[in-house]
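J.: Residues per chain are reported as follows:
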Amino acid sequence: MELAGAIITLIGSIFLFLGALGLLRMPDIFNRMQAGTKATTLGSILFLTGSAMAHAECTCTGKIVILILFIIFTNPLSSHALARAAHFIGIPLAKKTVKDDLAEDEKKEEGGQL
Amino acid sequence: MIKIQIKIKTYTESGAMKRFKHTVLLFLFLVLLWALLTPHNMQEIWAGVAVSALVALFTLRMDPVLGDLKLTPKSFLYLLIYIFVFIKELVISNLDVARRVVDPKLPIKPGIVKVKTKLNSRIGRTILANSITLTPGTLTVDIKDEYLYIHWIEIKHDDLEGATKDIVQKFEKYLEVIFG
Amino acid sequence: MVKKIFIVIILGFFAVMLLPLAKDFTPFQELSPVAEKYVEDGPEELGSANLVTSVIVTYRGLDTLGEVAVLFIAAAGVGFFLRKEEKGDKTPKRGSSQILQSGTAFLFPLILAFGVYIFLHGHLTPGGGFQGGVVIASGMVLLLLSSASAKINENVLHLVESLSGASYVAIGILGLVLATGFLDNRFLDLGEFGTLLSAGAIPLIYSFIGLKVGAELVGIVNNMQKDQS
Amino acid sequence: MVNIIYQIAGAIALAAILLAFIRMIKGPTAADRVVALDAMTIISISLIIFLAATLQRVIYIDIALVYGLISFVGIVAIARYLERGI
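Top line first, the protein sequences correspond to chains A, B, C and D. Quick note on our numbering: the first sequence kicks off at 1 and runs consecutively. Quick note on our numbering: the second sequence kicks off at 115 and runs consecutively. Quick note on our numbering: the third sequence kicks off at 295 and runs consecutively. Quick note on our numbering: the fourth sequence kicks off at 524 and runs consecutively.
Just so you know, these hints were derived from the structure itself, not from any lab. Possibly wrong hints are sitting among the right ones.
To be verified - Pairwise CB distance ranges, derived in the manner of DEER restraints:
(1) Val138/B <-> Ile367/C: 39 to 47 Å
(2) Ala4/A <-> Leu313/C: 40 to 48 Å
(3) Asp105/A <-> Met311/C: 37 to 45 Å
(4) Arg607/D <-> Phe172/B: 51 to 59 Å
(5) Glu104/A <-> Gln283/B: 51 to 59 Å
(6) Lys445/C <-> Phe134/B: 49 to 57 Å
(7) Glu260/B <-> Lys445/C: 58 to 66 Å
(8) Ala368/C <-> Ala4/A: 27 to 35 Å
(9) Met156/B <-> Thr61/A: 19 to 27 Å
(10) Gly90/A <-> Ile527/D: 45 to 53 Å
(11) Arg607/D <-> Phe307/C: 33 to 41 Å
(12) Leu574/D <-> Ile159/B: 28 to 36 Å
(13) His154/B <-> Ile367/C: 37 to 45 Å
As the list claims (entries may be wrong) - Derived pair list, reagent style PhoX-like, types lysine-lysine, alpha-carbon separation capped at 25 Å:
(14) Lys99/A <-> Lys284/B
(15) Lys298/C <-> Lys549/D
(16) Lys549/D <-> Lys258/B
(17) Lys95/A <-> Lys549/D
(18) Lys184/B <-> Lys132/B
(19) Lys228/B <-> Lys108/A
(20) Lys95/A <-> Lys270/B
Said to hold, decoys possible - On the chain D side, residues computed to face chain C include the following (Cβ under 8 Å):
(21) Ile527
(22) Leu578
(23) Ile593
(24) Val596
Using N, Cα and C, we set each Cβ at its ideal position, and we do this for glycine too.
Please construct the entire structure, taking both the sequences and the accompanying hints into account.
T.: Right, dumping it as structure tokens:
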């Protein structure tokens, strides 16, 4: 049981590391957010589960479950709020970007109103 | 701006039945939260019931977002399946991110696409958007009525139908049964 | 560029200044006489698992009353200075997204319950009245961030604030009458160490502090919101 | 054996914080910095729980819960400020 917890923690920490690496390597803010949000979510879930498993005698399992559910629900929510803000204030997308439907639609809407 | 406000109004004007359902479900959620937070003994349980009832009464005038949940056996079954699908997609998405990050060439072809959802309930759309953010290569950027704008790390389809089929429908068929 | 160099220089200055503190740090090995009395007698006398709580609520309870009074004055001051001033620019603000609104509507009650949990377990966990009040206020901030038109019933807010403040003082006087001093918690049964209904009146006192702090901070946030729009 | 694995995991998580910190310093826009801060917060929460489990201090978990809540509210506040919503 302890060994399994330790291995799960290790896998979680590797995902956390890859997420941070993605944060560093990706070319624009949306791609960074993709790496950051996904990898840190699964990484922290695994990390927490591993820590909880290694010390199963602790009476705190319920709180860790709440923390995990809280992270699953709020992490994408705050990412979405940030992505929306970033797109609104016009942070440029990476050069590789193929298309941007949202900008087109917003342009159309403004044109319609004027 | 004005459009959004009108939208909220139509949501809040729905019936008393929905509000009642929302309050009961919220009460159950709060009791569950309390049970997970505290050690189990009679004192704590009574305190939890009292606090949950007070909080549920205090927030009685807020949006009844939980009123859209469907409480049929089928929806419970679909909820279980949905949880498994979600976990599977979460793991796949992480492996996907890991592959892209480690690759020295950084294989990405990003863009923002528009998809359409059939869900009407607000909490259902929230869960859908969160699921999309946590699944392979997609991130919800904005929502306008029934259209979601999604940043896709590797665009496979250029058109609305193709993107909808690829991104939304794997969750939608379960969420549609659970939330409507 | 000049600004960045300036920032680096300031950071380096602080690092040099704080380095001796970190290098020569030796933790205290012995407690001072006052602390020793609290540590040795506290759990037995008052029955509270969290020692800080027993110090804040009982041994130095009068100071806590002063702190709550300071907070009340701050809230009143904010309310006084932020009276309706007509603002020149009426640029329309951007509404938040549907997703954030419904997510908040689901999270807000849970945050409230979590705040109540924190101040109700002040004698068992590192939380307490002030922390619980701040958590409740952060829930309110989230609500106002997600929808600018969200309103809170101010009558209920004032009622909660005044009632909890009055009850706090009343319990203090009850301790003076029934036990040995102002805010003495021992007029209720001390109960079994480590359970919810232990430590005499401490959970009760902390609940009132928590409700009062929460109501005051929510009032401050609400006043700021009104001033904005 | 188990302890060594735990130490390696903790070290990797600390390295991840360092990488996110580099992005926070470099980040060309404010939003980039906030994304890095978000990632750092979540890694720190994981590390707090890790410490709570290894040092057998149950009370640290409450601190992690409140930290997560406050950081979520803070990031939403920054996002709304950036898009001029408040």
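J.: Could you run down the list of hints and mark each one as holding or not?
T.: Taking the hints in turn, this is what the structure says about them:
1. Val138/B <-> Ile367/C: 39 to 47 Å: holds (42 Å)
2. Ala4/A <-> Leu313/C: 40 to 48 Å: With Cβ atoms ~43 Å apart, the hint holds.
3. Asp105/A <-> Met311/C: 37 to 45 Å: violated (54 Å)
4. Arg607/D <-> Phe172/B: 51 to 59 Å: violated (31 Å)
5. Glu104/A <-> Gln283/B: 51 to 59 Å: violated (24 Å)
6. Lys445/C <-> Phe134/B: 49 to 57 Å: The hint (49 to 57 Å, Cβ to Cβ) is violated, given that Lys445/C and Phe134/B are roughly 23 Å apart.
7. Glu260/B <-> Lys445/C: 58 to 66 Å: violated (28 Å)
8. Ala368/C <-> Ala4/A: 27 to 35 Å: violated (51 Å)
9. Met156/B <-> Thr61/A: 19 to 27 Å: With Cβ atoms ~20 Å apart, the hint holds.
10. Gly90/A <-> Ile527/D: 45 to 53 Å: holds (49 Å)
11. Arg607/D <-> Phe307/C: 33 to 41 Å: holds (36 Å)
12. Leu574/D <-> Ile159/B: 28 to 36 Å: Check passed, 30 Å falls within 28 to 36 Å.
13. His154/B <-> Ile367/C: 37 to 45 Å: Hint holds: Cβ distance 42 Å, inside 37 to 45 Å.
14. Lys99/A <-> Lys284/B: holds (24 Å)
15. Lys298/C <-> Lys549/D: With a Cα-Cα distance of about 12 Å, the restraint between Lys298/C and Lys549/D holds, given a limit of 25 Å.
16. Lys549/D <-> Lys258/B: violated (33 Å)
17. Lys95/A <-> Lys549/D: The hint holds at about 19 Å.
18. Lys184/B <-> Lys132/B: At roughly 11 Å apart (the allowed maximum being 25 Å), Lys132/B and Lys184/B satisfy the hint.
19. Lys228/B <-> Lys108/A: With a Cα-Cα distance of about 14 Å, the restraint between Lys228/B and Lys108/A holds, given a limit of 25 Å.
20. Lys95/A <-> Lys270/B: Holds, at roughly 18 Å.
21. Ile527: violated (28 Å)
22. Leu578: Leu578/D check fails; min Cβ-Cβ to chain C is 14 Å, beyond 8 Å.
23. Ile593: holds (6 Å)
24. Val596: holds (5 Å)
The structure shown violates the earlier hints numbered 3, 4, 5, 6, 7, 8, 16, 21 and 22.
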